[in-house]
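**Q** Sequence order for the protein chains is A and B.
Sequential numbering of the first sequence, starting at 59, is according to the working numbering.
Sequential numbering of the second sequence, starting at 59, is according to the working numbering.
For the record, the hints were derived by calculation from the structure and aren't laboratory data.
In this text, all values refer to a predicted model and were calculated from it rather than measured experimentally.
Heads up, some of the hints might be wrong.
For chains that are exact copies, the list does not tell them apart, and a pair is met inside one copy or across any two.
[Unchecked claim] Keeping only pairs whose Cα atoms sit at most 25 Å apart, straight-line, the calculated SDA-like set for lysine to any residue is: (1) K76 / D104; (2) K76 / P222; (3) K60 / P177; (4) K60 / R283; (5) K76 / L246; (6) K60 / D249.
Number of protein chains: 2
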Amino acid sequence: MKIVTTIDELRRERRALKGRVAFVPTMGFLHEGHRELMRRGREAADHLVVSIFVNPRQFEPGADLDAYPRDPEGDRAVCEAEGCELLYMPDRDEMYPRGYTTVVAVGELGENLCGSRRPGHFEGVTTVVAKLFHQVSPDVAVFGQKDRQQLAIVRRMVRDLDFPIEIVGVPTVREPDGLALSSRNRYLTDDERARAVWLSRGLVAAHQAYSAGERGSEALVEVAREVVAGAGGDIDYVECVDPDTLRPFEETAGPAAVMALAVRIGSARLIDNLRLDEPLPEELRR
Amino acid sequence: MKIVTTIDELRRERRALKGRVAFVPTMGFLHEGHRELMRRGREAADHLVVSIFVNPRQFEPGADLDAYPRDPEGDRAVCEAEGCELLYMPDRDEMYPRGYTTVVAVGELGENLCGSRRPGHFEGVTTVVAKLFHQVSPDVAVFGQKDRQQLAIVRRMVRDLDFPIEIVGVPTVREPDGLALSSRNRYLTDDERARAVWLSRGLVAAHQAYSAGERGSEALVEVAREVVAGAGGDIDYVECVDPDTLRPFEETAGPAAVMALAVRIGSARLIDNLRLDEPLPEELRR
Chain A
59 MKIVTTIDEL
69 RRERRALKGR
79 VAFVPTMGFL
89 HEGHRELMRR
99 GREAADHLVV
109 SIFVNPRQFE
119 PGADLDAYPR
129 DPEGDRAVCE
139 AEGCELLYMP
149 DRDEMYPRGY
159 TTVVAVGELG
169 ENLCGSRRPG
179 HFEGVTTVVA
189 KLFHQVSPDV
199 AVFGQKDRQQ
209 LAIVRRMVRD
219 LDFPIEIVGV
229 PTVREPDGLA
239 LSSRNRYLTD
249 DERARAVWLS
259 RGLVAAHQAY
269 SAGERGSEAL
279 VEVAREVVAG
289 AGGDIDYVEC
299 VDPDTLRPFE
309 ETAGPAAVMA
319 LAVRIGSARL
329 IDNLRLDEPL
339 PEELRR
Chain B
59 MKIVTTIDEL
69 RRERRALKGR
79 VAFVPTMGFL
89 HEGHRELMRR
99 GREAADHLVV
109 SIFVNPRQFE
119 PGADLDAYPR
129 DPEGDRAVCE
139 AEGCELLYMP
149 DRDEMYPRGY
159 TTVVAVGELG
169 ENLCGSRRPG
179 HFEGVTTVVA
189 KLFHQVSPDV
199 AVFGQKDRQQ
209 LAIVRRMVRD
219 LDFPIEIVGV
229 PTVREPDGLA
239 LSSRNRYLTD
249 DERARAVWLS
259 RGLVAAHQAY
269 SAGERGSEAL
279 VEVAREVVAG
289 AGGDIDYVEC
299 VDPDTLRPFE
309 ETAGPAAVMA
319 LAVRIGSARL
329 IDNLRLDEPL
339 PEELRR
């Protein structure tokens, strides 16, 4: 595995890769969820490129940028083990040199759910992803469904701006008790970790209600919210949204629907989501 | 010369071009200025791709979108004569399908000069240029210095978002009397056309003053403005700006300086500009 830190080195090494290239952009502190993205990337292409960059532009002022967990050595070992051939670890000056002003924004899709709670977050995401796409020139890029809004926004950006890149979305990887894997789970104390199980249980409860025929969006949200309250955190949002537009259903949930939530538990802000109209994933059936 | 109208056809034909590809994006109604861009493109690469698309998103509401001159047959002949191998003529639905929301914006650089008079114009430019770049995947793209702010903005976007594309700027082509070539010159009546000569003469007057040592930015603007007034149009702006930032000099013009102007004559809004610190171009020495 080659490790590069500058755009020039990256481009040189990238040109040497013949065939299809898959790309997994990450913020590091890699866990099993990232490993799954890498495996899907390798399946979809001949070569795998991974980037690790904690993008300051997608953290709001006062958010957990400085506290965001880092483990460059462990990350290198994970990438190597997952068959990554080229690992790109730029620093901030390489990504945002002086005089930088350009922004890529997808509009409405970035304003719902997390967008309304984290102003500027998704503009930071689309801008850095556009840059990484131009730097890496992948044929395929892989994103997790856990960050469903991010995935939808990247798909919209790629479609609207005609990036010649295929986007692959990968199902959320979960702990045995259902908690979605996240680098931010590391912020949880043991007690908070135990209570965090109620997030995915809230989604499952809504899934059961939807499967039983409930279509009232308020009723579905209420079912989830009551269970999620068991986590004892601050609920940022629990919403039943259209999977394409991410717009909340006003009265009746559609034939395709997502329950999405964000909850603060201790110092961690955790997100999760579930398609209500698709079969419950294996890990959530216990 | 192949002519294509869809992104799929374009990509198929583009893949068949081996070696370096130059790209000249245009809004059609091609004149000698565009021909010069194409010649420079051919010099810089092995193949030449030209696009013709009158981009609705860079016209403000109520601007001359519907009146913008078109001549598809003449344009095809020009492209063919200039050695274009692939001519791309998408329609609006191909460029902006339903649900389109993404915007690319360069911030401050798009807010001076024409940006402050044409709200949304440069966001329309950067967005369509980003799309065309992704559709065509050129190695080199060629833009005219006549649209100096556009050129600066495209360079900024390319640098900030790391597009793997070299941008070439080409000196303005002028009529024998100095008027910068523009598709919009066609809006001028004979009388207006005769008076339009005072635009470039104003720039030359400022150039003479600068060469004689004048560095007061207000004084330089005043020299230009007095001559430009001879055109009898509505002066939109005459400004002495930094060539990199396009910011007006507050008191003293720098060692590098541009005089830029926009004037409405009849139904045409004409722009022109001149580097004051570089030798006067041949065509303006008469």
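**Q** With reference to the structure, classify each hint as holding or not holding.
**A** Cross-check of the supplied hints:
no.	hint	verdict
1	K76 / D104	both (8 Å within a copy, 22 Å between copies)
2	K76 / P222	both (17 Å within a copy, 18 Å between copies)
3	K60 / P177	neither (36 Å within a copy, 46 Å between copies)
4	K60 / R283	neither (46 Å within a copy, 59 Å between copies)
5	K76 / L246	neither (43 Å within a copy, 54 Å between copies)
6	K60 / D249	neither (40 Å within a copy, 67 Å between copies)
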